[in-house]
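**Student:** Listed below are the residues making up each chain.
Number of protein chains: 6
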Amino acid sequence: MRHDGRAVDALRNVQIEKDYLLHPEGSVLITVGNTKVICTASVEDRVPPFLRGSGKGWVTAEYSMLPRATGQRTQREASKGKIGGRTMEIQRLIGRALRAVIDLEALGERTIWIDCDVIQADGGTRTASITGAFVAMAMATAGIVERKKLPKFPITQYLAATSVGKSDSNELILDLDYVEDSSAAVDMNVVMTSTGEFVELQGTGEESTFTRKEMNGLLDLAENGIQQLIDLQKQALGTICDMIESKEEAAQ
Amino acid sequence: MRHDGRAVDALRNVQIEKDYLLHPEGSVLITVGNTKVICTASVEDRVPPFLRGSGKGWVTAEYSMLPRATGQRTQREASKGKIGGRTMEIQRLIGRALRAVIDLEALGERTIWIDCDVIQADGGTRTASITGAFVAMAMATAGIVERKKLPKFPITQYLAATSVGKSDSNELILDLDYVEDSSAAVDMNVVMTSTGEFVELQGTGEESTFTRKEMNGLLDLAENGIQQLIDLQKQALGTICDMIESKEEAAQ
Amino acid sequence: MRHDGRAVDALRNVQIEKDYLLHPEGSVLITVGNTKVICTASVEDRVPPFLRGSGKGWVTAEYSMLPRATGQRTQREASKGKIGGRTMEIQRLIGRALRAVIDLEALGERTIWIDCDVIQADGGTRTASITGAFVAMAMATAGIVERKKLPKFPITQYLAATSVGKSDSNELILDLDYVEDSSAAVDMNVVMTSTGEFVELQGTGEESTFTRKEMNGLLDLAENGIQQLIDLQKQALGTICDMIESKEEAAQ
Amino acid sequence: MRHDGRAVDALRNVQIEKDYLLHPEGSVLITVGNTKVICTASVEDRVPPFLRGSGKGWVTAEYSMLPRATGQRTQREASKGKIGGRTMEIQRLIGRALRAVIDLEALGERTIWIDCDVIQADGGTRTASITGAFVAMAMATAGIVERKKLPKFPITQYLAATSVGKSDSNELILDLDYVEDSSAAVDMNVVMTSTGEFVELQGTGEESTFTRKEMNGLLDLAENGIQQLIDLQKQALGTICDMIESKEEAAQ
Amino acid sequence: MRHDGRAVDALRNVQIEKDYLLHPEGSVLITVGNTKVICTASVEDRVPPFLRGSGKGWVTAEYSMLPRATGQRTQREASKGKIGGRTMEIQRLIGRALRAVIDLEALGERTIWIDCDVIQADGGTRTASITGAFVAMAMATAGIVERKKLPKFPITQYLAATSVGKSDSNELILDLDYVEDSSAAVDMNVVMTSTGEFVELQGTGEESTFTRKEMNGLLDLAENGIQQLIDLQKQALGTICDMIESKEEAAQ
Amino acid sequence: MRHDGRAVDALRNVQIEKDYLLHPEGSVLITVGNTKVICTASVEDRVPPFLRGSGKGWVTAEYSMLPRATGQRTQREASKGKIGGRTMEIQRLIGRALRAVIDLEALGERTIWIDCDVIQADGGTRTASITGAFVAMAMATAGIVERKKLPKFPITQYLAATSVGKSDSNELILDLDYVEDSSAAVDMNVVMTSTGEFVELQGTGEESTFTRKEMNGLLDLAENGIQQLIDLQKQALGTICDMIESKEEAAQ
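Residue numbers (the UniProt record's numbering), protein chains in the order written: chain Y, 1 to 252; chain D, 1 to 252; chain A, 1 to 252; chain H, 1 to 252; chain S, 1 to 252; chain G, 1 to 252.
The hints are simulated quantities; they were obtained by calculation from the structure and are not laboratory data. The beta carbon of each residue, even a glycine, is placed where N, CA and C say it ideally should be. Be a bit skeptical, because a hint or two may be false.
Output of the computed footprint for chain G on chain S, the stretches with three or more beta carbons under 8 Å from beta carbons of chain G [stated by the list, open to error]:
no.: 1; region: 98–106
no.: 2; region: 141–149
no.: 3; region: 196–204
no.: 4; region: 212–225
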């Protein structure tokens, strides 16, 4: 039994609130237990220099936490004058993950800027960011199609993420909150598609190691959790799902 | 008649949602029309170097906007590696304004960090930040008193802020939204206390000027709006009001 | 009686030395008591990106203090690697104030760079900077007209600034020096034109507040002081005055 | 058959040259094909603030590439004034991996600084860095023991790393060089100990995905390669091996 | 004949105006032709970390130019956020040169901060800075002695600097102005003491070279110019000269 | 007799290993005693903005030390976020020196980037960098000629550098190592061409001074050492020497 009463294979309560903000082309507030992230997708009609003239688009992400998203106030990176290693790692991960399920050629020379701003943190902020950002990106992309600026919908599959880990009592658990994450011996972030393939897998022994058998147990938990998250994404996206699913079928 | 149907002396719809976040000692979401700001107050048991050993406390503020708080995406200051002039000006203003209604000696050697994060912007973000931050600061300060760490409540008066301006059609108006602010000939931010005194007054002719008579008309509008905002602060603060009011009486 | 023997409504001794430096298109050394500021105006034949192709010009300002302008040596902002909040606030104020009295369309696609370098500080450096910078800008602008590169003189009015305040003994005083400024309960910077209109008004209670009646008393003092400063600007500008005055008449 | 004639499960030619530099407490030049990295370990008799007084030590790493380690000259991060996301990710990975095989309490309040400087790059620089840095760390740590400053040897296991991937022709391959890495559909970095446990696992589909079966194939390749690398580490370390092996036995 | 009518071995008109600013412990305005530099010396009662507890003092220098010291406006280093290579080189040179003529042990644990701010530039700003800074340092140091905080005067010799060069017409010339400096084939800065010894010698062929014979001719010119500059320093220093001269005699 | 047994006029053991790295157009490892520097030359087919359209090329240099090139670990400049004064001075010196022996017009609109990375430091790193960089530049330049992209070889003379100094026992010595450099009273870096002319001369009294006679003694030592270094460059360059020598003859 976990400290909050959950089963080892249970996600926390997850909500995806669509159209959370007025201005962005796509926006959600995703809530995973006490973790809350505002994810927005902004469409810009140009691409970074290395893609100019290539006909291909780009997806890039930025991640930040409000100073009091956390129990202790964290200094703002803007005040420090530089972005820390953890933030860099997370925003590179989010962008890379989303690019795996969008056809950048079909997107054309556009950039989708993903912004994930954690307003409350209780573990799992990077995976919640990916799960929420996917919905924001799908909304923004559908908008371009609706405005007739894009002939075909470029998103090819659903994508969601969760964390799994080995607790300090050697139990394999799904969707770690902050208390569990702080004491975990092994922490693994998994990003998967609706067809059950991996996009990213990052497992880390925290001053510890893990066996291949444990890794397989963790992946079973993750797979299960991610399919539940994708179901919630589908509910949030409503009719936009049809666009994605026709792409998935086409791919088969 | 204004573009959104308001009378010249009408505030937008204002809501102050208390205890908006889990972790901070004080937090609100303040909504002024479409402007939304998360204001938090964090208590730290030490002061900046220039106050060490003085027995006095400090209040300081930081302000930021999410990249898509605005119609066009704004680059993060953390990515630029430096804080812009507008942000600096606003955060200095917020801190200075709040320090006028707190007895820093009664606070003792503590710092109250105010964080104002604009999640949606539609004009008046700096004045909404001050109005919301006052409530967060009062909550955090009351918490210290309740935990018996402070013998007397240090806040001496209510404090709120609004903007007034002269529109491009030379009308004097209260609480400008983004559309009005962008075209205003004169823009004035006013910070006042519950006893009707000024704490800050910043009037600017935008490539324009204003007469003393216009200034007086603007101050009449502001005074009226601020008293309404203070009423809303009182509703949000509930029983904490008694602490402030006993201070106000003591001061008379 | 003030600590230096001045009446409450007396300016310090003010001098404006024209053509102080060899290279700039306009330059003055302005002396206000012991405050000394070198103000230069440089003309550049292009504008910032947001104005390109608009046919409009721009005026922007930078402000700095020599490390030993002050009683204690201040670290250079170049050594710190960033510009502080106070400097940002001041340089934004100077630029904004000057833009209110120049017809940016008449200026054409040119930038006037104002540089205010305080070589000795004794209070009132930002208002001395504005008063001196106006003269430098007028000189530089007249030079463009004389070189036949501009058909009409773009400056529309005189502009000067001073500070007023409420002393710690509750007296309202004009043109505060450093000693007075450090202990003032209220500090107000006022920027006005020769026709008696406000361009900028910034009043601040320093951990204190002020009433509307006090504000009116402060503005009376400021108005009087600014008219004296404009008389000194006229003496410094000599024949350039004719260009400004014909604009003022045209505007009436 | 791979472009350089290697079998899919073959490492490139690997050499570990010990005591490469005069000054550091431990140093190697590791060569993996055309990739060459100078790895040094420096011992400092103090720890970062968060560990002071804890009795525990720390291992931290920095990573850099010479500008012409690469085919095209890369701008120095010192010239840019900031460290990029890729560098941050790599140096965090190196430090984290090494900390998994050292008993930080046994190390005492010391920091081991690992510096990995790539003088020539041809793919796999991060895994070569980890493999080489382990040897440098072991040498530096053995030196502390020899100088009688540490009662017991703190390193608990061997540690090495390699990359595996899925080529653009869907073959699973070991130890990718730059040409293979640039076109790979999937890229996975694996860090393992001599007892066959994982310390880090980072698999990324580059605008692509991978199945669980493919992942298992990749891990088989990695496991095999890493055991070969550990054999080469043992040859380089010579008698220091005895210290590590007695620790491993003790742990069983 | 030079472009300004000077003989090849003639200095420009030099003036040293003492006590130029109110606040610093020592200050001069040095004018060398059209080059004008404000040099100040500030005394701080502590030393950098590497000297704490050593009983020795330190002299350090900073150098800057106003944006319009030059014909074209130069961007401020504070705005760029970093100090350029030329500035670094010059301020290191000034500090090093001054430290050669002060007994740092006799100074005690104090830092003398030298600030050289060029308000107008016409070549030779670094050598004018050294010549002026020596006078400011002597004044500040004499002040410490007069306030009875230092038992013996620590300055041991006079120090001045000038530039010499080979013109584009292969003439050897003294004290180059901007026009001459821009076209010179060889440029040499020489720092010497009153006893005719070198402290610094920096000769540079600008995409050119120079022979040993030319170097000797340049040094003859420099030696002569520097003795004239030292005579001007003596006039400026007045009675402080006695302190320096008694040191010089003691040294013989 | 010097601490390492050398005669006062003896260089340390010098080796120049050509083609040290795979990717750069020119590269050497230069070893001077225990000082080791990797020098590379990279050719870029464009020039900095101030030369665009001029038909002229450019040579620029960057210099860095590995953190453990030195006895104590030095913090990376990339981690500090800025380049220090010493590095700036050295890289400006290297670039300036090399530009004196290349015909920038003959080079055409190309930039040669010189990178000098010290992997082990024992005094004389800047002069070893110049001596090694010359060889790398000659190799890279010869490569352009060989690829028929340049009609004539642009290098006009050999160039090498060494240090000389006055030891703490007042002996004049050649090629100071770290121990000697740390205690030297006078330190002079000399850059000369094969025809015996100076390109750069930087002599510094370290809290000390030097006479003209001493300077002449130092230059005699330097001249001798540099001719030996040029002989070693010739051996390293092999057939490329013919290109340089034909230029030298043409110049006579």
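**Student:** Three or more residues of the region 141–149 of chain S near chain G by CB distance under 8 Å?
**Tutor:** violated (count 0)
**Student:** Would you say the region 98–106 of chain S counts as covered by chain G, given the rule of at least 3 residues with C-beta under 8 Å?
**Tutor:** holds (count 3)
**Student:** Just to make sure I understand the rule, a stretch counts as covered if three or more of its residues have a C-beta closer than 8 Å to a C-beta of the chain. Does the region 196–204 of chain S meet that for chain G?
**Tutor:** holds (count 9)
**Student:** Is the coverage entry for the region 212–225 of chain S by chain G consistent with the three-residue Cβ rule at 8 Å?
**Tutor:** That given contact holds, which follows from 3 residues of the region 212–225 of chain S lying within Cβ reach (below 8 Å) of chain G.
The structure is inconsistent with hint 2 alone, although it conforms to all the rest.
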